[in-house]
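Asks: Below are the chains, spelled out letter by letter.
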Amino acid sequence: MHELSVTESLLEITLRHARAAHATQVNNLYLVLGQLSSIVDDSVQFYWDIVASGTIAEGARLNFRRIPTQMECLDCQQVFSPTADNFDCPNCASTRVKIIAGEEFYLEAIDIQ
Amino acid sequence: MNNRIPVIEKILSANDRIAAENRQVLDRAGIFSVNFMASPGAGKTSLIEQTVHRLAERIKIAVIDGDIATSLDADRAAAAGAVAVQINTGGDCHLDAVMLHEALPRLELGDIDLLIVENVGNLVCPANFQLGTHKNVLIASIPEGDDKPYKYPGIYRGVDALVINKIDLLPYIPFRMDYFRRGVEILSPGLVTFPLSCQTGEGLDAWLDWLCLQVRSV
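For the protein sequence lines, the chains are A and B, in the order given. At position 36 of the first sequence the residue is numbered 36 (the working numbering), and the sequence of numbers has no breaks. At position 87 of the second sequence the residue is numbered 87 (the working numbering), and the sequence of numbers has no breaks.
Hint data in this document are derived by calculation from the structure and do not stem from the laboratory. Glycine included, C-beta positions come from ideal geometry on N, C-alpha and C. There could be a bad hint or two in this list.
[Said to hold, decoys possible] Simulated pairs of lysine-lysine, DSS-like, Cα-Cα distance not exceeding 25 Å:
(1) B:LYS151 with B:LYS135
(2) A:LYS98 with B:LYS148
(3) A:LYS98 with B:LYS10
(4) B:LYS148 with B:LYS135
(5) A:LYS98 with B:LYS135
(6) A:LYS98 with B:LYS60
[To be verified] Sample of chain B residues lacking proximity to chain A, with all beta carbon distances greater than 10 Å (derived):
(7) VAL7
(8) SER13
(9) ARG54
(10) ALA56
(11) ILE59
(12) LYS60
(13) TYR150
(14) LYS151
(15) ILE186
[What the hints assert, rightly or not] Distance ranges between label pairs, derived from CB positions:
(16) A:GLU72 with B:PRO40: 30 to 38 Å
(17) A:ASN86 with B:PRO171: 23 to 31 Å
(18) B:GLY201 with A:ARG66: 42 to 50 Å
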């Protein structure tokens, strides 16, 4: 729903890094999105094509790497992927659980020319 | 020929920078600030009304109200006795740090002890946009159902306090409090939680005591 804000922010970051590298064109963006943080769907590409128009990033392709949520039980050290309706440790039912993956929300790299 | 360069930068880093500026402005003015987040109808405005009504004689409260188009919520906050400022997001589903940055100069910051920012009713988008407030408060409510931490983990993660509103409806609605709280505990271990009812007033004192303690500690 807030793809426009996300896209504008992405463009600012991309252009800043591209200019610093003296790029004349940006061809790819590599995004890392954790399942817990990500509300970014493929429509971002649509917004991107609009906001990046007329910049050196025009036409760049957005590539998403989605990271599933992973948790670790602090009582029995079991590492697990939670189900949609239960986050308890599947091994010992503990709620002393640490989130070890799934919160990523960053731009990892760009391809430039 | 493509040349890949590493970036590793949070996607909303610009928002986070403005949020940090907002925090400085608030700190300099000695204001304690909270960001109220919740689904539509959970009782954000009702909690603001009750809070203002009961604390306005002791502390000076301002409310910044984020809404998609109307000023109904700001009107209710003002009627309860707060200084209220409206932000119309023009369709945006959340407040962001820039919107708060632009709203702050509309308040006499020197005259405020507590600033309540009422976010747009939404359990998805506000979670990603830090505003710079001191505490993020999530208001859940019994009729929403006990599965919300599991369906919207992003917003339950990274909140500083949780209000569970409408507990007067517990006898009428199947709500497994233990199931709800287990999800909350995993996403935000040890989260301070206030079960209450804005309708009956039950549980409000604990919430107000906590809030006053935070205001005094600024």
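Asks: Is the nearest CB of chain A more than 10 Å from the CB of B:LYS151?
Replies: Answer for B:LYS151: violated, closest chain A Cβ roughly 8 Å.
Asks: When you look at the beta carbon of B:TYR150, is every beta carbon of chain A farther off than 10 Å?
Replies: violated, 5 Å
Asks: A:LYS98 and B:LYS60 were given as a pair; does the straight-line alpha-carbon distance stay at or below 25 Å?
Replies: Between A:LYS98 and B:LYS60 the Cα gap is close to 39 Å, so the pair fails against 25 Å, i.e. violated.
Asks: Is the hinted pair A:LYS98 and B:LYS148 satisfied, with a Cα-Cα distance of at most 25 Å?
Replies: Holds: A:LYS98 and B:LYS148 sit about 19 Å apart, inside 25 Å.
Asks: So is B:ILE59 really clear of chain A, every C-beta pair being over 10 Å apart?
Replies: holds, 33 Å
Asks: For B:SER13, which was marked as not at the interface, is the minimum beta-carbon distance to chain A over 10 Å?
Replies: B:SER13 not clear of chain A: closest Cβ-Cβ about 7 Å, inside 10 Å.
Asks: For B:ARG54, is the shortest beta carbon distance to chain A beyond 10 Å?
Replies: holds, 34 Å
Asks: Do the Cβ positions of B:GLY201 and A:ARG66 conform to the proposed distance bound of 42 to 50 Å?
Replies: holds, 45 Å
Asks: Verify the proposed pairing of B:LYS151 with B:LYS135, using a straight-line Cα cut of 25 Å.
Replies: Cα-Cα ~22 Å, so holds.
Asks: Keeping to a limit of 25 Å between CA atoms, is the pair of A:LYS98 and B:LYS135 held or broken?
Replies: Holds, at about 22 Å.
Asks: Please check whether A:GLU72 and B:PRO40 have a Cβ separation lying inside 30 to 38 Å.
Replies: Holds - the Cβ-Cβ distance for A:GLU72 and B:PRO40, about 35 Å, lies within 30 to 38 Å.
Asks: Next pair to validate is B:LYS148 with B:LYS135; report whether the Cα-Cα distance is within 25 Å.
Replies: Holds, at about 21 Å.
The structure does not agree with the numbered hints 6, 7, 8, 13, 14 and 15 stated previously, though it agrees with the rest.
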